Each structure stands twice: as C-alpha cells, then as structure tokens.
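Visitor: Sequence:
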Amino acid sequence: MTRLERVKALIEEKFNGSQADFSRAIGKAPAQVNQWLNGYRNIGDAAALNIEKSLGLPQGYLDGTGEKYQADSTSKPIESNATAFSVVETWQDGTPLNDAECEVPFLKEVRLAAGSGAFEASDFNGYKLRFHESSLRRKGINPKDVVCVSADGNSMEPVFPDGATLGVDTSQKHIKDGKIYAINHDGWLRTKILYRLPGNRIRIHSYNEEEHPDEEVDASDIQVIGRVFWWSVLD
Numbered sequence: 001m002t003r004l005e006r007v008k009a010l011i012e013e014k015f016n017g018s019q020a021d022f023s024r025a026i027g028k029a030p031a032q033v034n035q036w037l038n039g040y041r042n043i044g045d046a047a048a049l050n051i052e053k054s055l056g057l058p059q060g061y062l063d064g065t066g067e068k069y070q071a072d073s074t075s076k077p078i079e080s081n082a083t084a085f086s087v088v089e090t091w092q093d094g095t096p097l098n099d100a101e102c103e104v105p106f107l108k109e110v111r112l113a114a115g116s117g118a119f120e121a122s123d124f125n126g127y128k129l130r131f132h133e134s135s136l137r138r139k140g141i142n143p144k145d146v147v148c149v150s151a152d153g154n155s156m157e158p159v160f161p162d163g164a165t166l167g168v169d170t171s172q173k174h175i176k177d178g179k180i181y182a183i184n185h186d187g188w189l190r191t192k193i194l195y196r197l198p199g200n201r202i203r204i205h206s207y208n209e210e211e212h213p214d215e216e217v218d219a220s221d222i223q224v225i226g227r228v229f230w231w232s233v234l235d
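Each residue of the sequence shown is one higher than the one before, counting from 1 in full-length UniProt numbering.
Hint data in this document are derived by calculation from the structure and do not stem from the laboratory.
A portion of the hints provided could be inaccurate.
Taking lysine to any residue and the SDA-like style, the derived pairs with C-alpha atoms no more than 20 Å apart in a straight line are [to be verified]:
1. Lys53 x Glu103
2. Lys176 x Gln223
3. Lys179 x His132
4. Lys179 x Glu52
5. Lys179 x Arg201
6. Lys179 x Gly39
7. Lys179 x Leu197
8. Lys53 x Asp21
All values reported here derive from a predicted model rather than from experimental measurement.
Could you build all of it, start to finish, from the sequences and the hints given here?
Guide: Right, dumping it as structure tokens:
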C-alpha cells in the first residue's frame with residue numbers, strides 16, 4: 001500500500017470516512033487533506049510524520065513499517081523491529097572514532113531560518129557530530145556530503161521546532177516534491193518543503209502554514225543547498 005492508500009484506510013477505519021474529522025485530528029486544513037486524497041499534492045515526509053504522531057501511530061506506519069496501533073498499557077509488550085538511524089554517544093574532543101563511526105561538521109553558529117529568514121554565519125569552529133557510517137550508507141548518503149546545522153523559527157513546527165539539529169545532504173539538490181530542503185533564498189537560508197510548478201516555478205511550503213502561508217517563486221530565485229534527511233529534537 002502507498003501512503004495515500006493508508007491515509008484513506010485510516011479515514012475509513014478511525015473517522016468513519018469523515019475527512020473533516022480527520023483534518024481536525026491532525027491539525028490540517030480540510031482543503032489540504034482534499035488535495036492529498038485527490039492526488040493534487042503528495043503526502044511528504046513531514047506530513048506523514050505529523051499524521052502518525054497525531055493519531056498515535058508508530059513512526060513509519062504510513063510507509064509500511066511498524067504496527068498499526070501503539071500497544072496500550074495492559075497489552076503484551078511488542079518487541080521493537082525498528083532500526084535506529086544513529087546512536088547518540090557521549091564523547092570528548094580527541095576521543096578516537098571507532099571503526100563504525102564518522103564525524104560530520106556541525107555549524108553551531110549557522111542557523112538555517114525556519115521562520116523569519118534571518119541568517120547568521122561564522123567560520124566553522126570545529127564542532128562535529130558523530131554518526132554510524134553504515135546508517136548513512138544504507139540511505140545512499142556519503143558522509144562527506146553531510147553537514148549539520150540548527151533550525152531557527154517556528155515555521156516547520158511541529159515536525160522540528162526552533163533549535164532542532166538538522167542533517168543536510170548537500171549532494172541532493174534536485175527537488176522531489178514534498179521533501180524538506182535547506183535553501184538559500186535571496187540571501188536567506190531557510191528550511192522548507194518544496195514543490196515544482198509549471199513555468200519553472202517553485203512553491204515554498206511551511207509546515208506551520210497558519211502562520212507561514214505558501215510562497216511561489218521562480219526557480220532562479222533560490223539555491224538548493226541540500227535535502228534535510230535527519231533531525232534531532234530535545235524537548
């Protein structure tokens with residue numbers, strides 16, 4: 001089943017076919033849900049994650065991984081079949097890498113605007129994050145192409161809030177509809193969901209669309225820095 005087919009099944013099973021009730025449950029406009037169901041817009045990674053979180057479904061359910069519903073407190077525990085993307089480990093400067101690890105630069109003083117578009121840059125200061133190299137390779141990502149940054153603003157909430165750490169694959173500059181990208185927009189560094197439009201136009205979509213409505217620009221007005229493939233949030 002595709003994401004769309006699973007969403008349609010959820011609406012039938014959990015909301016008796018009511019698109020309006022489904023829209024309220026996931027906090028999205030009925031018009032956007034209607035566009036998904038009619039195939040006018042793709043259900044991107046950010047939208048899929050929001051649906052899963054809002055409905056109490058395991059992450060990845062819409063892609064066919066995980067159980068349909070979370071087990072309740074009286075149920076027999078379900079053994080996880082999830083594969084961790086990477087493990088966070090404590091370490092100090094100078095701690096040698098083990099054979100499975102790689103380091104990627106963390107531009108701690110560079111904040112990608114996920115709201116106002118503000119941009120602040122400084123030279124790379126030596127901060128790094130560690131990933132399991134095999135996890136990146138399985139996703140087709142070369143560690144040499146990865147840079148980590150911090151998001152700024154609330155336009156991509158609730159998927160990732162202000163201050164979230166983002167992993168960007170700088171080799172992925174070709175726009176795939178519904179994916180999240182770091183872009184340089186007329187001197188502003190931003191993280192947005194992108195869609196291609198006729199006439200060499202781009203629609204820039206924010207997850208928090210109530211406060212940050214969609215924008216349409218010429219493709220020549222933006223420079224794609226890379227695709228956001230990973231993020232980490234501490235609440």
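Visitor: Keeping to a limit of 20 Å between CA atoms, is the pair of Lys179 and Arg201 held or broken?
Guide: With a Cα-Cα distance of about 16 Å, the restraint between Lys179 and Arg201 holds, given a limit of 20 Å.
Visitor: Check the hint pairing Lys179 with Gly39 against an upper bound of 20 Å on the C-alpha distance.
Guide: holds (16 Å)
Visitor: Keeping to a limit of 20 Å between CA atoms, is the pair of Lys179 and His132 held or broken?
Guide: Between Lys179 and His132 the Cα gap is close to 23 Å, so the pair fails against 20 Å, i.e. violated.
Visitor: Quickly compare the C-alpha distance for Lys179 and Leu197 to 20 Å and report which way the hint goes.
Guide: At roughly 14 Å apart (the allowed maximum being 20 Å), Leu197 and Lys179 satisfy the hint.
Visitor: Are the Cα positions of Lys176 and Gln223 separated by 20 Å at most?
Guide: holds (14 Å)
Visitor: Quick one, are Lys179 and Glu52 close enough, alpha carbons at most 20 Å?
Guide: Distance ~17 Å between Lys179 and Glu52 Cα, so the pair holds.
Visitor: Regarding the pair Lys53 and Asp21, is the alpha-carbon distance no greater than 20 Å?
Guide: holds (16 Å)
Visitor: Given the proposed pairing of Lys53 with Glu103, does the C-alpha separation stay at or below 20 Å?
Guide: violated (30 Å)
Comparing the model with each earlier hint shows violations of hints 1 and 3; every other hint is respected.
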